Amino acid sequence: AQSVTQLGSHVSVSEGALVLLRCNYSSSVPPYLFWYVQYPNQGLQLLLKYTSAATLVKGINGFEAEFKKSETSFHLTKPSAHMSDAAEYFCAVSDPISSGSARQLTFGSGTQLTVLP
Amino acid sequence: ETGVTQSPTHLIKTRGQQVTLRCSSQSGHNTVSWYQQALGQGPQFIFQYYREEENGRGNFPPRFSGLQFPNYSSELNVNALELDDSALYLCASSLGQVDSYEQYFGPGTRLTVT
Chain Z
1 AQSVTQLGSH VSVSEGALVL LRCNYSSSVP PYLFWYVQYP NQGLQLLLKY TSAATLVKGI
61 NGFEAEFKKS ETSFHLTKPS AHMSDAAEYF CAVSDPISSG SARQLTFGSG TQLTVLP
Chain E
1 ETGVTQSPTH LIKTRGQQVT LRCSSQSGHN TVSWYQQALG QGPQFIFQYY REEENGRGNF
61 PPRFSGLQFP NYSSELNVNA LELDDSALYL CASSLGQVDS YEQYFGPGTR LTVT
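So the sequences go chain by chain: Z and E. Using the numbering used here, the letters of the first sequence map in sequence onto residues 1 to 117. Using the numbering used here, the letters of the second sequence map in sequence onto residues 1 to 114.
Derived by calculation from the structure, the hints in this document are not laboratory data. Quick caveat, the model's predicted, so the values are computed rather than measured. Beta carbons: idealized from backbone N, C-alpha and C, even for Gly. Accuracy of the hints is not assured; some may be wrong.
Claimed, not checked - Where chain E lies over chain Z, by a calculated footprint (3+ residues, C-beta under 8 Å):
hint, region
1, 15-27
2, 103-111
To be verified - Computed from the model, here is a short list of chain E residues facing chain Z with C-beta under 8 Å:
hint, residue
3, G28
4, H29
5, A38
6, G42
7, N59
8, G106
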């Protein structure tokens, strides 16, 4: 089974500063990787996904992530933080459920992003 | 296009009781996955349904069961509730078994077991 590690359960940045949320994965096969955002008392919203096309993936709300196979990383960045970015962010890897083609998502433990005025 | 909806929003049950949570998948999606998200943790995969059949299961006991209906909506049933079952239950829909990696989540049902 694949796994995901998110370094830093809490990250604080000032408004306008760079956002960097770290994600490392373990996988024996080329992975499908995702970042989701969760606002308080809400479900998960897909920010972006990597499915073996371009290694630099652009998502919604100005976020992007770069797939680095040599580092087994998929870190999420945004050049300039906005107050509305405050939320919890989850990195996930698509994991085959069984020998078939169905897949589940395996999530990291999440990173709570705080944006300071 | 209608997104994934879940009901109820919140639920309080007593230990030992049974609960049913409901999910309507996004229009055109035929695969539904259920996840449990305990407080302060990432979601954990419970099971997946594809064309009314259970398609795979995570590390959850048999008292967690489900159904998928011909219109692709789904239910999650939990019997003999335990305190540790208190969590946010998320439903996610996707299109097809092969493409089930791209999953769209509903707002969740917050279950509290007392």
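Check each numbered hint from earlier against the structure, then list the numbers of those it violates in ascending order.
When the structure is compared with the hints, numbers 1, 3, 4, 5 and 7 turn out to be violated.
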